[in-house]
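Please build the complex by placing chain B on the supplied structure of chain A, with the hints as guidance.
Below are the chains, spelled out letter by letter.
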Amino acid sequence: MSTPIDYLLHLADNAVVLGQRNAEWCGHGPILEEDMALANVSLDLIGQARLLYQRAAELMGGDATEDKLAYFRGPHEFRNYTLLELPHHGPLVGYAAADRDYATTIVRNFLYSALMVHVWDGLQQSADASLAAIAAKSLKETSYHLHHSRDWLVRMGDGTEESHARAQAAVNHLMPYTEEFWTTSPAEGAAVAAKIGIDVWALRPAWDALVNDALAEATLTRPNFHGYVTEGKIGLHSEHLSYLLGEMQGLARAHPGATW
Amino acid sequence: MYTQAMDIPDDSGKKIAAVSSAPSDQEAAFEARIDADGRIEPQDWMPDAYRKTLVRQISQHAHSEIVGMLPEGNWISRAPSLKRKAILIAKVQDEGGHGLYLYSAAETLGTSRDQMLDALHSGKAKYSSIFNYPTLNWADVGVIGWLVDGAAIMNQVPLCRCSYGPYARAMVRVCKEESFHQRQGYEALLVMMKGTDEQRAMVQDAVNRYWWKCLAMFGPPDADSPHSAQGMRWGIKRISNDDLRQKFIDATVPQAKVLGVTLPDPELKWNEARGHYDYGQIDWAEFWNTVEGNGPCNKERLATRVKAHNDGQWVRDAAQAYARKQKERALKEAA
Numbered sequence: 587m588s589t590p591i592d593y594l595l596h597l598a599d600n601a602v603v604l605g606q607r608n609a610e611w612c613g614h615g616p617i618l619e620e621d622m623a624l625a626n627v628s629l630d631l632i633g634q635a636r637l638l639y640q641r642a643a644e645l646m647g648g649d650a651t652e653d654k655l656a657y658f659r660g661p662h663e664f665r666n667y668t669l670l671e672l673p674h675h676g677p678l679v680g681y682a683a684a685d686r687d688y689a690t691t692i693v694r695n696f697l698y699s700a701l702m703v704h705v706w707d708g709l710q711q712s713a714d715a716s717l718a719a720i721a722a723k724s725l726k727e728t729s730y731h732l733h734h735s736r737d738w739l740v741r742m743g744d745g746t747e748e749s750h751a752r753a754q755a756a757v758n759h760l761m762p763y764t765e766e767f768w769t770t771s772p773a774e775g776a777a778v779a780a781k782i783g784i785d786v787w788a789l790r791p792a793w794d795a796l797v798n799d800a801l802a803e804a805t806l807t808r809p810n811f812h813g814y815v816t817e818g819k820i821g822l823h824s825e826h827l828s829y830l831l832g833e834m835q836g837l838a839r840a841h842p843g844a845t846w
Numbered sequence: 003m004y005t006q007a008m009d010i011p012d013d014s015g016k017k018i019a020a021v022s023s024a025p026s027d028q029e030a031a032f033e034a035r036i037d038a039d040g041r042i043e044p045q046d047w048m049p050d051a052y053r054k055t056l057v058r059q060i061s062q063h064a065h066s067e068i069v070g071m072l073p074e075g076n077w078i079s080r081a082p083s084l085k086r087k088a089i090l091i092a093k094v095q096d097e098g099g100h101g102l103y104l105y106s107a108a109e110t111l112g113t114s115r116d117q118m119l120d121a122l123h124s125g126k127a128k129y130s131s132i133f134n135y136p137t138l139n140w141a142d143v144g145v146i147g148w149l150v151d152g153a154a155i156m157n158q159v160p161l162c163r164c165s166y167g168p169y170a171r172a173m174v175r176v177c178k179e180e181s182f183h184q185r186q187g188y189e190a191l192l193v194m195m196k197g198t199d200e201q202r203a204m205v206q207d208a209v210n211r212y213w214w215k216c217l218a219m220f221g222p223p224d225a226d227s228p229h230s231a232q233g234m235r236w237g238i239k240r241i242s243n244d245d246l247r248q249k250f251i252d253a254t255v256p257q258a259k260v261l262g263v264t265l266p267d268p269e270l271k272w273n274e275a276r277g278h279y280d281y282g283q284i285d286w287a288e289f290w291n292t293v294e295g296n297g298p299c300n301k302e303r304l305a306t307r308v309k310a311h312n313d314g315q316w317v318r319d320a321a322q323a324y325a326r327k328q329k330e331r332a333l334k335e336a337a
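Chains as they are written, first to last, in this note's numbering: chain A, 587 to 846; chain B, 3 to 337.
So here's chain A without its partners, still in its complex pose:
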């Protein structure tokens, strides 16, 4: 059964999972300024996740808390887009090892923030006043994330031969995962019906325009899509999420009931 809570969890899980991924660069960035920029993006996302989990916990009542929702749900209960849980490199199985690739990080941040600027903008009119307030705050942050990732996308695409090739490979790898944006999950459908959520499908032309414009400026090509549409937002994830959550949740789960 779907309630607006599932929709809040979808938004919160998106934020926490991408926040976790971005924070992996802390101390390893290509230049100090980027270490700080990605830490900042991560902080914003963790902050958004906290507010959304808090709102969900409030609606759930009982002993629900932001940390119970973030730390004590399994991968099948997470409702984030599959795109956001992928490691910072090309397509490899969950237990493969590879160096982090900054192009993958940047392209993902771009594709996601290009969607979320529109989502947050729309959610400012949500019937849930708390969500509308979170959206207003998140919109400002996401506009910066879009600005940051778009700038780097263009620099990489129109930079050197190597950076162009890396950026194109990242676009080719990640673009198919964005197809998940345009399907409607039961939680999204219910939230739209309750005027709490927004119809993401309607945002597609605006997203396409933003993406096509940036790719053209970056001298990159948008690949044609044919293939599997991921379903992370209904709990069917890639192999990568259980590793991410295993690391994120391990310490909290080793001390259930502890306060930090």
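Simulated from the structure, these hints should not be mistaken for lab results. There may be inaccurate statements among the hints.
[Unchecked claim] Just a few of them, taken from the derived set where beta-carbon distance is under 10 angstroms, the chain A residues facing chain B:
#1 LEU618
#2 ILE632
#3 MET742
#4 THR845
Note that beta-carbon positions come from the ideal geometry of N, C-alpha and C, so glycine has one too.
Same frame as chain A, now just chain B:
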């Protein structure tokens, strides 16, 4: 988060000129300003040895901030609550910011960030040895805030009065942020000490591992501190290593009592006559061994910095290539 008496000799500034070739009136003006407790600014004449001492000290400090991101960064992905995760990311980001403005302060002395990074990556330049120890449990994050940043504040507050203007001004902001980190670290430990037996054990374990290392961070005893006298003369160093160490111990013992942890030194006791706490013998052989590169994490820390730098080369190249193209396009349009 950094501290260490910033007079650890390294190979990055060898062959410091003992005698400046500048005319004596410039030197006299410099000395007069130092004597009057005035500030030296980048455009002012300064003796080569003063410049080199500052470059060594400020770059060691900047490197320490950057390398210091790694031991705490080790726990970001596993922070046990979202609030603590956010606090830790913000803190590590602050350390990066300290690195940035310290590199900028050092650049005012005519050394580029690339030159300083080369010195770090080749092993010529030192960074605070405290970061060559591992962070083994979550409480290490709190203990680093409380003790390591606490020690840093002791060392760095006097640097806000350093004779070199850009460094002194950078330190004002650094110190404000470090004080915040210290209180956050202590607060995190207070919460853990009110928690489960396992949480309390984590805190005590972290204190046991870090206490002596923190005392060593103030640098060798005054009698063995090679650069201290000249640093004092130039107003780069204001308080001696031993005095700062004592001040830190005197401030920390009551905090440990409130927290409910035992500081691992059986000789630690109040000396009424001195008006200070007496403390045991620091293992200087272990300290110097770690400074020389043989600590538990030296190789990992440095190799990680080098790898991040090398892996990021293509990104920096892309930014430069793009900037060049943009410039060329602008010129073409103007033509």
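Hints, verified against the model:
no.: 1; hint: LEU618; verdict: holds, 6 angstroms
no.: 2; hint: ILE632; verdict: holds, 5 angstroms
no.: 3; hint: MET742; verdict: holds, 5 angstroms
no.: 4; hint: THR845; verdict: holds, 6 angstroms
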